[in-house]
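Counting from 116, one number per residue, gives the positions in the sequence shown under my numbering.
Not one of these hints is a red herring.
DEER-style ranges, computed between Cβ atoms:
1) S154 - N133: 15 to 21 Å
2) E124 - G166: 15 to 21 Å
3) M156 - S134: 16 to 22 Å
4) K173 - A136: 15 to 21 Å
5) E120 - I178: 16 to 22 Å
6) V177 - G157: 14 to 20 Å
Simulated from the structure, these hints should not be mistaken for lab results. Quick caveat: nothing in here was measured; it's all calculated off a predicted structure. Where is the CB? At the ideal position from N, CA and C, for every residue including glycine.
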Amino acid sequence: MSKTELNEEQRSILKALNSLAEPSGCKAIGEASELNWRSVMGKMRGLSSMGLVESPEKGKYVI
Numbered sequence: 116m117s118k119t120e121l122n123e124e125q126r127s128i129l130k131a132l133n134s135l136a137e138p139s140g141c142k143a144i145g146e147a148s149e150l151n152w153r154s155v156m157g158k159m160r161g162l163s164s165m166g167l168v169e170s171p172e173k174g175k176y177v178i
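I would like the entire structure built from these sequences, with the hints used as guidance.
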């Protein structure tokens, strides 16, 4: 079984998302992770396709 390695930005995004109390958009996640929100937006698609995050409403994400 293959294990997918997460890069530093992806780990930072997941940690930030975990610390946020409610479904959050890319700008809030970017502020919490100290990453540019555009970078966060690009990474969210990959994290979602890996099944690591969900989007309960358009533009908002949770773990």
